[in-house]
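Colleague: The chain contents come next:
Number of protein chains: 2
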Amino acid sequence: MTAPRIISRIAARALRRSPLHPLPRSTLAPTKLSPTGYTSVRLGSTLPPRADFTKPTEEHIKELRTLLSSNASLISTIDGSATPDELQAFNDDWMNKYHGKSPIVVKPKTTEEVSKVMKYCYDKGLAVVPQGGNTGLVGGSNPVHDEIILNLSNLSHIRSFDPVSGIFVADAGVILEVADNYLAERGFIFPLDLGAKGSCHIGGNVATNAGGLRLLRYGSLHGTVLGLEVVLPDGTIWNGLSKLRKDNTGFDIKQLFIGSEGTIGIITAISILCPRRPSAMNVAVFSLPSYEAVQKVFGEAKTYLGEILSAFEFFDKQSYALVKKHQEENGETRSVFEQEGDFYCLIETGGSNSEHDEAKLTALLEHLLTSDLVLDGVLAQDSTQFQSIWSLRELIPESAGKAGSVYKYDVSVPVGKMYGLVEKMRERLRKEGVLEGDGNPEGPIRAVAGYGHMGDGNLHINIVANKYTEEIEKIIEPYVYEIVAENEGSISAEHGLGVMKAPYIGYSQNETSVEVMKKIKNLFDPKGLLNPYKYIV
Amino acid sequence: MTAPRIISRIAARALRRSPLHPLPRSTLAPTKLSPTGYTSVRLGSTLPPRADFTKPTEEHIKELRTLLSSNASLISTIDGSATPDELQAFNDDWMNKYHGKSPIVVKPKTTEEVSKVMKYCYDKGLAVVPQGGNTGLVGGSNPVHDEIILNLSNLSHIRSFDPVSGIFVADAGVILEVADNYLAERGFIFPLDLGAKGSCHIGGNVATNAGGLRLLRYGSLHGTVLGLEVVLPDGTIWNGLSKLRKDNTGFDIKQLFIGSEGTIGIITAISILCPRRPSAMNVAVFSLPSYEAVQKVFGEAKTYLGEILSAFEFFDKQSYALVKKHQEENGETRSVFEQEGDFYCLIETGGSNSEHDEAKLTALLEHLLTSDLVLDGVLAQDSTQFQSIWSLRELIPESAGKAGSVYKYDVSVPVGKMYGLVEKMRERLRKEGVLEGDGNPEGPIRAVAGYGHMGDGNLHINIVANKYTEEIEKIIEPYVYEIVAENEGSISAEHGLGVMKAPYIGYSQNETSVEVMKKIKNLFDPKGLLNPYKYIV
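As they're listed, the protein sequences go chains V and R.
The opening residue of the first sequence carries number 259 in our numbering; numbering runs sequentially from there.
The opening residue of the second sequence carries number 259 in our numbering; numbering runs sequentially from there.
So here's chain V without its partners, still in its complex pose (with noise of 0.2 Å):
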């Protein structure tokens, strides 16, 4: 019996909560993995250097400083103003999976700056590579090439904040924790949120449309951002940088920006709405008997938290397993389940009025102990509980990528069929021999690990393999592609498709979308000089 002890366990612990501000939880740095990680084999675009694109030089080098009000905002190994080390972290994605070659890095300190840099390279032919945080997971703000590299975090001032209307304008270079904990101090919330927080920037976050923890709750940005300002390929500044939460004149250009990845445009700021901070929050997780209950659980929480619902989340025992593995390597051995289960899921609640959302989420808790859904569960008492509770869901890609080489998928189908793709990839694995187990006790598979944003029917799956080989990656892919289309899913739900998953777009795109987005391309970038080699090919 385990149902009156989650009772006695959040009795005991009282429901003392203060208010979050700013939010003290842990965020994914995106450090450099261990060299067990990805290597670089393959792992990039296969396409050769563009025979039309201009190789950049001295003569270039020395042009493109005429531009920049600092020497220090161009650093390159031409001029022997940087090493190659330097250059590295600009070249390499945090995962160290792919790895560009680009002599060149770019700061503008303005957008006048990043115009006056894209209109030379446009007028010389030169390929560039906008980069924020670089904390993308599909190699899209890293050369392929040599491609200059165009980093915008010297693009980092707040310009206004409108307390009336939530209205918030920044430089795109912006990292999206200063503009949260900027928001926090005012009372706001920034209307997005993910694991990488403490390094990406909200003009990368638009860029590449993320996702993250709390679309279930804010909606995606193609919402909330309001307006952009952007440098087009020929250096044109497109002041779009509305303040209006209401304008229909004409089409909402902006939104094609939002989740272009780069390849249309430089966004130098945005404006965007951002909602009260709730001043309740709460956070619980559960141990569950199958993902059947995981979705019933889904059910009764939409309905007894209703609008104060801000996040659900599931991960399964793979995944909690890896947690633990990552955590214990960290001297943390306490367990947080008295009853461990096959899946887990955390549900978050933001709203206005302590009193009234406690009152609803007992009321859910005290249901699901009668309806025997859930095996166990934890209430965060405090904000460090909040933090550690959450902890759980958010190590997971850290975990893995601690554990080996990682295959990391990012998919969404109906929730329904979610989990089912996890339980096909891992009898595909077991069926070809390489799932490590009773017969196979070597691996090379050693975990495949599935979680996500449940609200959303995002499903990350993590393959874990001892090493990186193309006999792995030919079993599992395209076949975890056509799985997702055989569900009419997104072979990208949130990370995009840079370069990793520029090829595949047709298991989620139909040729007419294909040739119009060909089109788009076209119409912004004739010369195809932004972001090549990536996206749409």
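Possibly wrong hints are sitting among the right ones.
Pair ranges (Cβ atoms, derived) [what the hints assert, rightly or not]:
| hint | chain 1 | residue 1 | chain 2 | residue 2 | range |
| --- | --- | --- | --- | --- | --- |
| 1 | V | Asn745 | R | Glu443 | 21 to 29 Å |
| 2 | R | Gln643 | V | Pro736 | 58 to 66 Å |
| 3 | V | Thr304 | R | Thr312 | 44 to 52 Å |
| 4 | R | His415 | V | Glu598 | 57 to 65 Å |
| 5 | V | Arg308 | R | Glu740 | 46 to 54 Å |
With a cut-off of at most 27 Å between alpha-carbon atoms, the simulated DSS-like pairs for lysine-lysine come out as follows [said to hold, decoys possible]:
| hint | chain 1 | residue 1 | chain 2 | residue 2 |
| --- | --- | --- | --- | --- |
| 6 | V | Lys382 | R | Lys777 |
| 7 | V | Lys377 | V | Lys785 |
| 8 | V | Lys776 | V | Lys377 |
| 9 | V | Lys785 | R | Lys777 |
| 10 | R | Lys575 | R | Lys554 |
| 11 | R | Lys377 | V | Lys777 |
| 12 | V | Lys583 | V | Lys560 |
| 13 | R | Lys776 | V | Lys776 |
| 14 | V | Lys377 | V | Lys320 |
| 15 | R | Lys785 | V | Lys776 |
| 16 | V | Lys382 | V | Lys560 |
| 17 | V | Lys777 | R | Lys374 |
| 18 | R | Lys785 | R | Lys359 |
| 19 | V | Lys689 | V | Lys666 |
| 20 | V | Lys725 | V | Lys689 |
| 21 | R | Lys367 | R | Lys313 |
| 22 | V | Lys560 | R | Lys560 |
| 23 | V | Lys777 | R | Lys785 |
| 24 | R | Lys382 | V | Lys777 |
| 25 | V | Lys575 | V | Lys675 |
| 26 | V | Lys689 | V | Lys776 |
| 27 | V | Lys359 | V | Lys374 |
| 28 | V | Lys776 | R | Lys377 |
| 29 | R | Lys359 | R | Lys374 |
| 30 | R | Lys582 | R | Lys660 |
| 31 | R | Lys776 | V | Lys374 |
| 32 | R | Lys382 | R | Lys785 |
| 33 | R | Lys785 | V | Lys785 |
| 34 | V | Lys377 | R | Lys777 |
| 35 | R | Lys554 | R | Lys682 |
| 36 | R | Lys777 | R | Lys382 |
| 37 | V | Lys777 | R | Lys777 |
| 38 | R | Lys682 | R | Lys582 |
| 39 | R | Lys776 | V | Lys785 |
| 40 | R | Lys776 | V | Lys777 |
Keep in mind that the hints were calculated from the coordinates and are not lab data.
On a predicted model such as this, the values are computed, not experimentally measured, just so you know.
The C-beta atom is built at its ideal place from N, Cα and C for all residues, glycine as well.
Given chain V, put chain R in place with the hints provided.
Modeller: Only chain R this time, still in chain V's reference frame:
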């Protein structure tokens, strides 16, 4: 002392309320206004017919009929299958303001028929106007000259609804109220509501990016629409009818069609995310002494009601006077307020727990009373009162139309500056000696009424004249657009551009924006055959 009155009135009504499924409030059926309404003089486009368009003939009609499954799907004055009177309902807008001269109306029954008709028209060079419920306010759904009217009312099937995800898929010609009633029976709500819900089509709502009454709560269609099926100008069917909440595989093409006003494709079906219907709804209306008080009450409502605030509407005493007169003419003489004010605001809440919602609302009301921000207030105690309170706001446009010829403007500016536009307009009309009053007892301007969606910064200005004259128009326009532009506002917050505002886009969009928009139009519709003479001209 008015404060104690409110408490007693509210207390006496004892906060009894029933869940509202579906909401039984009045819908403004777009019946034609009286002949005192708009005249057709000059209000349409001044652009001459394009010489490169083909004039429709009897031969075209014969060939078009072969593409349609029913002979009744095409009516025309050319072959005598319809009288001019029968076509008038399609040629005219519901305000009787815009008057097209099309000899042909086609009403396809399937997406495939729409495709065949479009392919035929594209090949022949025949211009086409897509038409939904024909409830727009800017002449967007009526022909300017002899364009063929492609009416979507025969595409009226609900295709699917998933109660787990809340995803609703339906033909474009489904009437908004039909969709909402269907969802209400299943415990869900269409995330859009507006006065014309009894006639407007969901496809037209998306094509015009309708805003309406609950944008404050559910956000814009750019966030809630998940997918579209669109017939492109050349007849190609683009199947972008995604049922995924997240999909980052390339440019989000559907966004271009949201708010495109039928200029680059014909929306034939939509997929939209519908939230659970609030099980508890409340509405209250207040009289207030000043616009400053309205703003303060808006801030307090956000603080006290948080996530349950679903609408915050305001109107001025001139708007209320128009409604009272209209109601009196219809035999409704009960007074709502014991003390009237210069301003009024309507506050709606929608939540999942009636007890909690009432507690929040009561706390707000008690706070407002002690702060003296409101003069009087009424809280609905049942669904009839819920409806009659909403009517005070929703009847304004109809009441203005009954009072004379109305110049209607729909703008957005920052909330703090919003009402200043009405005052400036009134001042200008007074200076020009056209405002009815002590020195000018006969008009010609009988009233200048301001009302709108406070939460969205969206103001409607209705200028009621005894008749339409060029003299008055020149006093109002482009002055009204100039004062909007001075405040970096939008000359069309939610009504769209259509014919009416196409010439004025420059007041809200810069040259780069307009240039990009023209390129997008040309990309999809190089012959310019779809909904010509409008939008971006």
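Colleague: Determine for every hint whether it applies to the structure shown.
Modeller: Against the structure, the hints:
1. Asn745/V x Glu443/R: 21 to 29 Å: Because 28 Å falls inside the window, the suggested range holds.
2. Gln643/R x Pro736/V: 58 to 66 Å: holds, 60 Å
3. Thr304/V x Thr312/R: 44 to 52 Å: holds, 49 Å
4. His415/R x Glu598/V: 57 to 65 Å: With a Cβ separation near 48 Å, His415/R and Glu598/V fall outside 57 to 65 Å, so the hint is violated.
5. Arg308/V x Glu740/R: 46 to 54 Å: This hint holds: roughly 49 Å between Cβ atoms.
6. Lys382/V x Lys777/R: holds, 24 Å
7. Lys377/V x Lys785/V: holds, 12 Å
8. Lys776/V x Lys377/V: holds, 22 Å
9. Lys785/V x Lys777/R: With a Cα-Cα distance of about 16 Å, the restraint between Lys785/V and Lys777/R holds, given a limit of 27 Å.
10. Lys575/R x Lys554/R: Holds, at about 18 Å.
11. Lys377/R x Lys777/V: With Cα atoms ~20 Å apart, Lys377/R and Lys777/V stay inside 27 Å; holds.
12. Lys583/V x Lys560/V: Violated: Lys583/V and Lys560/V sit about 32 Å apart, past 27 Å.
13. Lys776/R x Lys776/V: holds, 18 Å
14. Lys377/V x Lys320/V: At roughly 15 Å apart (the allowed maximum being 27 Å), Lys320/V and Lys377/V satisfy the hint.
15. Lys785/R x Lys776/V: Holds - the C-alpha atoms of Lys776/V and Lys785/R are around 20 Å apart, at most 27 Å.
16. Lys382/V x Lys560/V: The hint is violated at about 55 Å.
17. Lys777/V x Lys374/R: The hint holds at about 24 Å.
18. Lys785/R x Lys359/R: holds, 21 Å
19. Lys689/V x Lys666/V: Measuring from Cα to Cα gives roughly 20 Å; hence the hint holds.
20. Lys725/V x Lys689/V: holds, 19 Å
21. Lys367/R x Lys313/R: With Cα atoms ~25 Å apart, Lys367/R and Lys313/R stay inside 27 Å; holds.
22. Lys560/V x Lys560/R: holds, 23 Å
23. Lys777/V x Lys785/R: holds, 16 Å
24. Lys382/R x Lys777/V: holds, 24 Å
25. Lys575/V x Lys675/V: holds, 18 Å
26. Lys689/V x Lys776/V: violated, 39 Å
27. Lys359/V x Lys374/V: At roughly 23 Å apart (the allowed maximum being 27 Å), Lys374/V and Lys359/V satisfy the hint.
28. Lys776/V x Lys377/R: holds, 22 Å
29. Lys359/R x Lys374/R: holds, 23 Å
30. Lys582/R x Lys660/R: holds, 12 Å
31. Lys776/R x Lys374/V: Holds, at about 25 Å.
32. Lys382/R x Lys785/R: holds, 11 Å
33. Lys785/R x Lys785/V: holds, 25 Å
34. Lys377/V x Lys777/R: Holds: Lys377/V and Lys777/R sit about 20 Å apart, inside 27 Å.
35. Lys554/R x Lys682/R: Holds, at roughly 22 Å.
36. Lys777/R x Lys382/R: holds, 23 Å
37. Lys777/V x Lys777/R: holds, 11 Å
38. Lys682/R x Lys582/R: holds, 25 Å
39. Lys776/R x Lys785/V: Given that 27 Å is the threshold and the Cα spacing comes to 20 Å, the pair holds.
40. Lys776/R x Lys777/V: holds, 14 Å
Of the numbered hints listed earlier, those contradicted by the structure are 4, 12, 16, 26.
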